[in-house]
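There are 2 protein chains.
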Amino acid sequence: MSVTDELLANNRAYAAQFSGPLPLPPAEQVAVVACMDARIDVYRVLGLQEGEAHVIRNAGGVVTEDEIRSLAISQRLLGTREIILIHHTDCGMLTFTDDDFKRSIQQDVGVKPAWAAEAFGDLEEDVRQSVARIVGNPFLPVKDSVRGFVFDVATGELTEVQL
Amino acid sequence: MSVTDELLANNRAYAAQFSGPLPLPPAEQVAVVACMDARIDVYRVLGLQEGEAHVIRNAGGVVTEDEIRSLAISQRLLGTREIILIHHTDCGMLTFTDDDFKRSIQQDVGVKPAWAAEAFGDLEEDVRQSVARIVGNPFLPVKDSVRGFVFDVATGELTEVQL
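Chain order of the listed sequences is F and R.
Sequential numbering of the first sequence, starting at 1, is according to this note's numbering.
Sequential numbering of the second sequence, starting at 1001, is according to this note's numbering.
Just chain F, with the same shape it has in the complex (with noise of 0.2 Å):
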């Protein structure tokens, strides 16, 4: 059995107790940018109920062209007026550099990507780049809280960067 089978099993488990539906749009207008490593859990990080926050996220938290994308579509059609990012202690991201993955694929597969792997080697100033690419962005009309912090692994704590 593939693990997409055994989370399947879990979906049967959740569906039996679950009530809704909820309103689509968040209750507490609210969008965070998160990093997708498997050890933040974003709901129970920040105490979120369903139908509470839209959270959004990728590889290092990292505001790209896509993540400018759905807080558009998040703040002009869903509402929302607070931006959370959240990148976090041990990130994968710190530990290489754009030019080597992107010669590493290019010599795996002969393509090499024309897109930034956006790894970085400080995660506070990385955070403050995301909160920059948000600021200076002509899509977002709600920027008066945007706030970043750093997520540790090993205390389970946020801690605010100052921008």
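Where hints are given, some of them may not hold.
Heads up, simulated EDC-like pairs for lysine to aspartate or glutamate below, C-alpha to C-alpha not over 20 Å straight-line [unchecked claim]:
id	chain 1	residue 1	chain 2	residue 2
1	F	143	R	1006
2	F	112	F	124
3	R	1112	R	1124
4	F	143	R	1005
5	F	112	R	1065
Simulated from the structure, these hints should not be mistaken for lab results.
Quantities reported herein were computed from a predicted structural model and do not represent experimental measurements.
Based on the hints, put chain R in the right spot on chain F.
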């Protein structure tokens, strides 16, 4: 008090009962790509524990360049071998068109986004499109198990999309 501050207070309670750290590579070697919708608590929907799976999320749960980037890092550097795609009923992406959304931004701020908003009119078709973008991409080495699902926000159930 902002919602962000309330969620930070929740985090202090979470950290107080936290035990870590777990290893960096996802224990179940799975990556999930799901919609950012607030009602989808991916860990609970799939019965995932912290540390088991990468979780990638955006507006729609679609596969754009940034999801390819995240999946390439997930597979090539952190060893994931299965991909689970999750779209859902009552999705905001079913309620608008790219043209209208981008025109409204242009009317608001004078600049039209150069990116696609990735709205869609048919859930199952868009799940198949997301799978196709993964299967057709040269940078992802492991494509044996790429399966797509629709999450029903009324029942909590995942239904597999036939490819």
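Residue 112(F) paired with residue 124(F) [C-alpha distance capped at 20 Å] | Roughly 29 Å between the alpha carbons, so the hint for residue 112(F) and residue 124(F) is violated.
Is the Cα-Cα distance between residue 112(F) and residue 1065(R) 20 Å or less?
-> The hint holds at about 14 Å.
Hint consistency between residue 1112(R) and residue 1124(R) [alpha-carbon to alpha-carbon, up to 20 Å] = Cα-Cα ~29 Å, so violated.
Within 20 Å, alpha carbon to alpha carbon, are residue 143(F) and residue 1005(R)?
-> 16 Å, holds
When you check the alpha-carbon spacing of residue 143(F) and residue 1006(R), does it fall within 20 Å?
-> Holds, at about 18 Å.
The structure does not agree with the numbered hints 2, 3 stated previously, though it agrees with the rest.
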